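Produce the entire structure from the sequences given, and follow the hints as far as they go.
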Amino acid sequence: MPVRLKRTVTIKVIVTEEFKKYLISELERAVKNLDSQLDQMEGQGKKLIDTLKKQGEKTKKQVSAISQQINLDRQQEKLAKSDLEKKIKDAQLLPLNSEFIQGTVDGFVDVDKGDNLYKKLGALEIIIKDGTIQEIRGND
0 MPVRLKRTVT IKVIVTEEFK KYLISELERA VKNLDSQLDQ MEGQGKKLID TLKKQGEKTK
60 KQVSAISQQI NLDRQQEKLA KSDLEKKIKD AQLLPLNSEF IQGTVDGFVD VDKGDNLYKK
120 LGALEIIIKD GTIQEIRGND
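For the sequence shown, position 133 (counting from the first letter as 1) is numbered 132 according to numbering that gives the first Met the number 0, and the numbering increases by one without interruption.
None of these hints come from the bench; they were simulated from the model.
Since the structure is predicted, the reported quantities are computational estimates derived from the model, not experimental observations.
Wrong hints could be hidden among the right ones.
[Said to hold, decoys possible] Dumping the calculated SDA-like pairs for lysine to any residue here, alpha-carbon to alpha-carbon at most 25 Å:
1) Lys45 - Phe18
2) Lys11 - Pro1
3) Lys31 - Gln67
4) Lys86 - Glu98
5) Lys86 - Lys5
6) Lys46 - Ser63
7) Lys119 - Val2
8) Lys11 - Tyr117
9) Lys20 - Leu92
10) Lys52 - Gly42
11) Lys60 - Glu41
12) Lys119 - Asn96
13) Lys11 - Ile100
14) Lys45 - Lys5
15) Lys85 - Phe18
16) Lys52 - Arg73
17) Lys88 - Gln74
18) Lys52 - Lys31
19) Lys20 - Ile127
20) Lys80 - Asn70
21) Lys19 - Thr131
22) Lys11 - Ile132
23) Lys45 - Glu56
24) Lys119 - Asp129
25) Lys19 - Thr9
26) Lys5 - Asp105
27) Lys57 - Gln75
28) Lys85 - Val30
29) Lys77 - Glu41
30) Lys77 - Leu26
31) Lys20 - Leu95
32) Lys88 - Phe18
In structure tokens, the structure reads:
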């Protein structure tokens with residue numbers, strides 16, 4: 000009686016000019032999203048702080064805590080933005096026709112008595128070029 004098991008499948012992309020443009024535009028979009036999230040967060044935080052300050056001395060600790068949280072969030076957003084900007088630079092330097100790991104997905108495999116489990120659960124890679132599967136490796 001076969002059993003279905005989950006395994007990780009690596010998705011690799013053959014780098015083309017079209018893929019580089021796509022990757023860079025996705026990373027740039029992520030930077031813009033971070034910027035807008037940061038602006039929104041700071042605006043909401045400022046409004047909340049202003050509201051609390053109007054309530055007087057009793058909210059001083061809350062104002063301080065909110066300010067600290069906003070500063071912490073700002074630092075995290077800036078680190079994330081810096082990381083994305085580095086990825087954009089790296090994407091611009093990707094050599095054409097090289098393989099780029101785009102990510103992983105879960106795949107399933109049926110196993111049965113007598114199967115070599117190591118081969119069944121071993122590394123599986125799907126190689127794509129401009130969105131089209133070119134090769135499946137490790138699917139023995």
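Status of each hint after checking the structure:
no., hint, verdict
1, Lys45 - Phe18, "41 Å, violated"
2, Lys11 - Pro1, "29 Å, violated"
3, Lys31 - Gln67, "24 Å, holds"
4, Lys86 - Glu98, "16 Å, holds"
5, Lys86 - Lys5, "30 Å, violated"
6, Lys46 - Ser63, "14 Å, holds"
7, Lys119 - Val2, "12 Å, holds"
8, Lys11 - Tyr117, "22 Å, holds"
9, Lys20 - Leu92, "12 Å, holds"
10, Lys52 - Gly42, "15 Å, holds"
11, Lys60 - Glu41, "19 Å, holds"
12, Lys119 - Asn96, "29 Å, violated"
13, Lys11 - Ile100, "4 Å, holds"
14, Lys45 - Lys5, "47 Å, violated"
15, Lys85 - Phe18, "17 Å, holds"
16, Lys52 - Arg73, "21 Å, holds"
17, Lys88 - Gln74, "21 Å, holds"
18, Lys52 - Lys31, "31 Å, violated"
19, Lys20 - Ile127, "16 Å, holds"
20, Lys80 - Asn70, "15 Å, holds"
21, Lys19 - Thr131, "15 Å, holds"
22, Lys11 - Ile132, "10 Å, holds"
23, Lys45 - Glu56, "17 Å, holds"
24, Lys119 - Asp129, "28 Å, violated"
25, Lys19 - Thr9, "19 Å, holds"
26, Lys5 - Asp105, "6 Å, holds"
27, Lys57 - Gln75, "29 Å, violated"
28, Lys85 - Val30, "11 Å, holds"
29, Lys77 - Glu41, "13 Å, holds"
30, Lys77 - Leu26, "15 Å, holds"
31, Lys20 - Leu95, "12 Å, holds"
32, Lys88 - Phe18, "14 Å, holds"
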